[in-house]
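Asks: Given the coordinates of chain U, work out where chain D should sit on it, guided by the hints.
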Amino acid sequence: MRIEKRQVEGQPLTVIIEYPEWNESVDSLVRKIGRMDLSFVGKTDEGSVNVSISDIYYIENVERKLFLYTKDEVFRFDGTMADIESRIYETGLVRISRTCIMNTGYLSQIRQIRNSHLEAVMENGEILIVSRKYLPDIKRIFKKEGL
Amino acid sequence: MKRILRDTCILSALMILCVFTVSIIWTGMTDEIKLVLQLFGLSFIIAVVNFFLDEYTNLSIIGSYLVKYVAATCVVMLFGFMVGWFYRSNFWMAFIYVGIVLVLAFFIDAFKTKKDIEFINARIKDKML
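Residue numbers (our numbering), protein chains in the order written: chain U, 1 to 147; chain D, 1001 to 1129.
Since the hints were derived computationally from the structure, they do not count as laboratory data.
Just so it is clear, CB atoms sit at the ideal spot from N, CA and C, and this is done for glycine as well.
Hints should not be assumed to be uniformly reliable.
So, partial list: chain U residues that the calculated Cβ filter (under 10 Å) puts toward chain D [to be verified]: (1) 76; (2) 80; (3) 117; (4) 131; (5) 136.
Once the Cα atoms are required to be at most 35 Å apart in a straight line, the calculated DSBU-like pairs of lysine-lysine come out as [to be verified]: (6) D:1115 <-> D:1125; (7) U:143 <-> D:1127; (8) D:1127 <-> U:65; (9) U:5 <-> D:1034.
What follows is a list of derived Cβ distance ranges for each label pair [stated by the list, open to error]: (10) U:143 <-> D:1059: 23 to 29 Å; (11) U:65 <-> D:1015: 28 to 34 Å; (12) U:48 <-> D:1015: 52 to 58 Å; (13) D:1043 <-> U:89: 27 to 33 Å; (14) D:1056 <-> U:89: 22 to 28 Å; (15) U:125 <-> D:1038: 24 to 30 Å; (16) D:1027 <-> U:109: 56 to 62 Å; (17) D:1051 <-> U:62: 19 to 25 Å; (18) U:144 <-> D:1052: 52 to 58 Å.
Pulled out of the complex, with its shape left as it was, chain U reads as follows (with noise of 0.2 Å):
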């Protein structure tokens, strides 16, 4: 596979797919770069805005309200866990406690603390709480993005 990359200024990021004849693999190549694009609607005071996959940081769960955090700001979510789990399949969002959704993405690293809890350090600095219950579920992210 050859890929190429070039920078047009103006323009929305647009990915071309070329292909000899349309298989299994290219379907898949589709499907995962079309997930790459969902979003979820988030909210703010002002109003409410298209917050993609691929911004969001985390995903938390505070006194049954949904929180999207990005890089540096926090939007409401009207929603459930369950909503979101049904939609990040196949993407690089994955559960990493009961309250919590992470995208793997951002991750810069997992540590344990003295054999105690474990904590996933994420590219802003900011410290998640891991349950060891999930930890196969983020290995499998890695996994899949290896093949």
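Replies: Below, chain D without anything else, positioned relative to chain U:
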């Protein structure tokens, strides 16, 4: 290897259940069959308790195994008294049975967690290069 071991255990459980079902139909319930079915029942209850502990608590690895030890021992003792495994004189044996299983599980879990963390961090490093 892990997958082979897991599949072996699942297959053994299915074979035991199939063989015993046929035996129950042909010869009725015997003490041995009753014991194995009780063990299956106990495993199910412990698995459910374990699930809820994993889902609703976020303790350290040692803390989580201590809580599981207490919970599993209570379940085994209650279940054991109900089905007549234990008497007042030997109920303490539940602490030993559960302890042995949990010590093994703890070491396997600690080792696996360490390996998973190393794998994930190595992949992140590769991605950054």
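Asks: Enumerate the violated hints, using their earlier numbering and listing them in ascending order.
Replies: Those not satisfied are hints 1, 2, 9, 11, 15 and 18.
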